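Protein sequences, first through last, are from chains P and E. Mapping of the first sequence onto my numbering: position 217 corresponds to residue 217, and the numbering continues sequentially without gaps. The number in my numbering is simply the position in the second sequence, starting from 1, with 431 added.
Read the hints as simulated data drawn from the structure, not as lab findings. These figures come from a predicted structure and were not determined experimentally. One thing to keep in mind: the hints can contain errors.
[Said to hold, decoys possible] Capping the alpha-carbon separation at 20 angstroms, the derived lysine to any residue pairs in SDA-like fashion look like this:
#1 P/Lys385 with P/Asp405
#2 E/Lys849 with P/Thr212
#3 P/Lys418 with E/Asp607
#4 E/Lys849 with P/Ala280
#5 P/Lys418 with E/Glu622
#6 E/Lys816 with E/Thr731
#7 E/Lys849 with E/Gly859
#8 P/Lys267 with P/Gly29
#9 E/Lys849 with P/Asp201
#10 E/Lys849 with P/Val210
[Claimed, not checked] According to the in silico footprint, chain P covers these stretches of chain E (three or more CB under 8 angstroms from chain P):
#11 477–489
#12 548–561
#13 831–845
The beta-carbon is built from N, C-alpha and C at its ideal position, and this holds for glycine as well.
Number of protein chains: 2
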Amino acid sequence: MTSAIDAPTSTTAPVRTSPARALVCRGCGAEYPLAAQHACFECFGPLEVAYDPAALAQVTRAQIEAGPRNIWRYAGLLPAGQDAAARVTLDPGFTPLVAAPALAAELGITAPVHVKDDSANPTHSFKDRVVSVALTAARGLGFTRFACASTGNLANSVAAHAARAGVPSIVFIPGDLEQGKIVTTAVYGGELVAIDGSYDDVNRLCGELVETDEFEDTAFVNVNVRPFYAEGSKTLGYEVAEQLGWRIPSQVVIPMASGELLTKVDKAFSELVEIGLVDAPADGWTVFGAQSAGCNPIATALHQGTDTITPVKPTGIAKSLNIGDPAAGAYAIEAVRRTGGWMDYADDEEIRAGIRLLARTTGVFAETAGGVTVAVLKKLVDAGKLDPAKETVVFNTGEGLKTLDAVAGQVGPTHRIKPSLRGVRDAGLLG
Amino acid sequence: MTSAIDAPTSTTAPVRTSPARALVCRGCGAEYPLAAQHACFECFGPLEVAYDPAALAQVTRAQIEAGPRNIWRYAGLLPAGQDAAARVTLDPGFTPLVAAPALAAELGITAPVHVKDDSANPTHSFKDRVVSVALTAARGLGFTRFACASTGNLANSVAAHAARAGVPSIVFIPGDLEQGKIVTTAVYGGELVAIDGSYDDVNRLCGELVETDEFEDTAFVNVNVRPFYAEGSKTLGYEVAEQLGWRIPSQVVIPMASGELLTKVDKAFSELVEIGLVDAPADGWTVFGAQSAGCNPIATALHQGTDTITPVKPTGIAKSLNIGDPAAGAYAIEAVRRTGGWMDYADDEEIRAGIRLLARTTGVFAETAGGVTVAVLKKLVDAGKLDPAKETVVFNTGEGLKTLDAVAGQVGPTHRIKPSLRGVRDAGLLG
Chain P
1 MTSAIDAPTS
11 TTAPVRTSPA
21 RALVCRGCGA
31 EYPLAAQHAC
41 FECFGPLEVA
51 YDPAALAQVT
61 RAQIEAGPRN
71 IWRYAGLLPA
81 GQDAAARVTL
91 DPGFTPLVAA
101 PALAAELGIT
111 APVHVKDDSA
121 NPTHSFKDRV
131 VSVALTAARG
141 LGFTRFACAS
151 TGNLANSVAA
161 HAARAGVPSI
171 VFIPGDLEQG
181 KIVTTAVYGG
191 ELVAIDGSYD
201 DVNRLCGELV
211 ETDEFEDTAF
221 VNVNVRPFYA
231 EGSKTLGYEV
241 AEQLGWRIPS
251 QVVIPMASGE
261 LLTKVDKAFS
271 ELVEIGLVDA
281 PADGWTVFGA
291 QSAGCNPIAT
301 ALHQGTDTIT
311 PVKPTGIAKS
321 LNIGDPAAGA
331 YAIEAVRRTG
341 GWMDYADDEE
351 IRAGIRLLAR
361 TTGVFAETAG
371 GVTVAVLKKL
381 VDAGKLDPAK
391 ETVVFNTGEG
401 LKTLDAVAGQ
411 VGPTHRIKPS
421 LRGVRDAGLL
431 G
Chain E
432 MTSAIDAPTS
442 TTAPVRTSPA
452 RALVCRGCGA
462 EYPLAAQHAC
472 FECFGPLEVA
482 YDPAALAQVT
492 RAQIEAGPRN
502 IWRYAGLLPA
512 GQDAAARVTL
522 DPGFTPLVAA
532 PALAAELGIT
542 APVHVKDDSA
552 NPTHSFKDRV
562 VSVALTAARG
572 LGFTRFACAS
582 TGNLANSVAA
592 HAARAGVPSI
602 VFIPGDLEQG
612 KIVTTAVYGG
622 ELVAIDGSYD
632 DVNRLCGELV
642 ETDEFEDTAF
652 VNVNVRPFYA
662 EGSKTLGYEV
672 AEQLGWRIPS
682 QVVIPMASGE
692 LLTKVDKAFS
702 ELVEIGLVDA
712 PADGWTVFGA
722 QSAGCNPIAT
732 ALHQGTDTIT
742 PVKPTGIAKS
752 LNIGDPAAGA
762 YAIEAVRRTG
772 GWMDYADDEE
782 IRAGIRLLAR
792 TTGVFAETAG
802 GVTVAVLKKL
812 VDAGKLDPAK
822 ETVVFNTGEG
832 LKTLDAVAGQ
842 VGPTHRIKPS
852 LRGVRDAGLL
862 G
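Working from the sequences, and respecting the hints, build out all of it.
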């Protein structure tokens with residue numbers, strides 16, 4: 001729409017075109033055009049977005065810093081969203097990096113600890129990042145309806161994004177979902193389809209629907225546009241580095257469901273070094289993964305010295321991490337091994353204690369996934385796996401208000417008294 | 432602590448000293464030093480912070496824009512918080528101003544409508560603003576314990592702020608509070624005192640405790656440091672103006688509990704004009720107030736043509752607005768009359784419809800107070816009180832996750848099907 005005059009490029013002018021060049025198979029390396037495809041036609045391996053290195057190398061700190069205070073400041077490093085007017089987004093991201101000295105002290109960590117608090121996103125989980133990128137790519141690819149299978153955070157985010165954009169949505173959920181989780185999606189007014197079956201049944205059905213003619217106009221965020229979706233998680237890594245003053249932390253502790261978030265934060269750090277936006281740390285960085293004991297197939301494989309994931313039937317309170325057959329598990333193991341990290345898992349009691357520890361020491365109230373991460377942080381320190389003398393960033397991916405039941409039985413009033421000074425005195429509150 | 436060298440003042444250097452000069456009685460104009468005092472010794476009227484006009488006049492747009500993306504960018508216009516290291520804060524503020532074209536269209540408003548979405552604050556309500564200012568002032572005044580009486584948002588915010596700052600807290604709540612609201616305060620680990628009695632009983636007790644020797648170290652955010660607390664609400668007005676490109680909107684619709692938020696947004700606009708940070712709009716601005724039908728003493732007084740508030744016993748689902756004897760009601764009426772505005776109230780069904788309308792058209796899921804505001808916006812348009820040809824900003828002060836029950840009976844799955852293509856087809860979802 002603009003004229004063809006070649007004005008000199010300012011270093012703070014936003015990037016106008018996508019730096020993505022292809023989808024590449026993570027298994028065999030086969031390349032495909034940037035389209036709605038998530039598996040390799042050759043080997044059925046998962047596809048990942050690949051970029052033009054020259055395009056990435058044009059991105060500058062000044063350009064990023066002049067951008068909006070959300071994920072789109074990194075549009076020059078993402079596969080979609082360069083045209084602000086064409087975004088489908090709630091403008092998530094640039095969530096707080098909270099200094100956590102009291103948490104560090106309580107765990108015996110002498111170096112700084114920070115909490116990357118993604119509960120501050122618009123629908124209060126990191127899913128807003130991946131959904132914004134997926135749906136923006138989807139609209140660019142011509143899709144006119146947005147869909148997903150989900151039991152919680154993803155459903156909230158897709159329905160809210162669709163409402164903001166004025167695009168029809170259709171969210172598929174297991175029929176026995178708790179009412180609270182239904183309300184937080186249904187309130188946005190899209191189609192909400194309850195399936196008589198388990199989450200696995202819902203997922204399988206979505207895999208079938210995406211192949212039908214009737215759904216050819218529909219982008220399932222974590223199915224047919226999954227490669228774009230997954231790239232959204234890179235922004236968590238970019239933000240941490242920028243918020244530390246363009247520096248990569250020595251250690252990161254990241255919750256794992258599919259394992260994809262962990263691999264993308266690692267990828268983000270690598271890209272920043274390759275582009276030259278940050279200096280490569282002398283000792284590199286170390287990536288740690290956290291699962292719940294009720295769904296620990298990735299950590300178990302690592303512990304057993306293999307990278308073959310044996311699927312499990314998930315149990316336990318950390319439902320947002322309950323993916324029994326994690327698609328990116330092997331890649332997460334690769335990243336953790338390559339960087340000298342480790343994985344561990346926490347049981348339900350440890351998760352509850354992790355939520356309370358984080359809240360008490362930082363004022364951040366995390367959902368169960370955040371409890372998993374803090375509990376595993378503690379285990380890694382206690383086991384000598386995580387170096388207490390090195391700076392560490394812990395990722396909280398969701399909001400405690402969404403999983404109130406996890407701690408409802410454990411916390412309550414510390415005193416019950418009559419409404420009188422005597423009541424206060426008898427409770428020992430008047431010194 | 433800094434040296435006495437008089438360096439030339441940069442326009443982007445942060446303000447180092449408080450511009451506040453005194454506490455002034457809103458009733459008789461008596462002045463008092465800046466201390467923990469909330470009522471006039473002469474006439475028992477409420478005290479308000481007064482500023483040195485010369486100090487305010489030194490604040491520049493460049494200085495604000497160079498500041499952090501939170502309320503503290505306006506430290507030069509607040510009574511406390513100029514020293515970043517001495518703040519007690521979760522760094523709230525600079526919440527999204529969301530364009531709402533679909534909401535406008537549905538209500539027949541032809542000019543732009545924006546939603547100021549304060550659910551994006553750290554504990555997901557506007558209370559984080561007032562608590563940050565109150566507790567920062569309190570620490571500066573020497574208080575070593577933080578307290579409040581509350582039934583919800585305020586309790587969450589005080590407990591979370593105290594946890595972040597590592598300061599003891601003591602929160603007083605009615606003994607019959609729902610468990611969900613107890614959890615969201617108790618999880619932060621401070622003292623939580625359940626009182627056998629109503630919220631009025633709790634409030635009365637706090638008023639007594641603040642006079643005791645044993646509580647002389649304790650700042651009750653909305654009692655003894657209330658004048659500072661109330662100033663935090665000004666930041667909502669500053670942000671709206673800055674986010675509109677340093678412009679005051681023609682019309683604002685604001686929920687009322689004590690009525691204070693409305694008066695402070697109006698005060699913020701006046702200050703910006705006086706300082707010269709924005710031009711005075713040709714037609715001024717118009718302030719509208721929203722209450723729930725279950726607690727409408729301010730709107731009722733306005734409708735009756737008086738400014739004498741007759742207290743009510745609150746009922747209805749908009750509990751965060753349920754103050755039956757609103758301290759700033761007469762001042763809210765003054766602001767609304769002076770600016771040519773109006774007030775109205777919405778019943779529980781209208782509030783539920785307001786929550787759903789906002790979610791469906793903007794992707795913002797508001798607590799009941801937000802439903803009140805949207806419902807009243809609709810009434811004001813329908814009654815011809817609000818000009819549909821003028822730009823309007825609607826304030827959402829809290830998060831839908833905190834009041835799920837309000838809409839839980841109204842929204843749910845749109846379809847229930849078997850996990851098969853036939854199930855999808857039979858539901859009419861396959862075209």
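Comparing the hints with the structure gives:
| no. | hint | in the structure |
| --- | --- | --- |
| 1 | P/Lys385 with P/Asp405 | violated, 31 angstroms |
| 2 | E/Lys849 with P/Thr212 | holds, 17 angstroms |
| 3 | P/Lys418 with E/Asp607 | holds, 13 angstroms |
| 4 | E/Lys849 with P/Ala280 | violated, 53 angstroms |
| 5 | P/Lys418 with E/Glu622 | holds, 16 angstroms |
| 6 | E/Lys816 with E/Thr731 | holds, 16 angstroms |
| 7 | E/Lys849 with E/Gly859 | holds, 13 angstroms |
| 8 | P/Lys267 with P/Gly29 | holds, 17 angstroms |
| 9 | E/Lys849 with P/Asp201 | holds, 10 angstroms |
| 10 | E/Lys849 with P/Val210 | holds, 17 angstroms |
| 11 | 477–489 | violated (count 0) |
| 12 | 548–561 | holds (count 4) |
| 13 | 831–845 | holds (count 10) |
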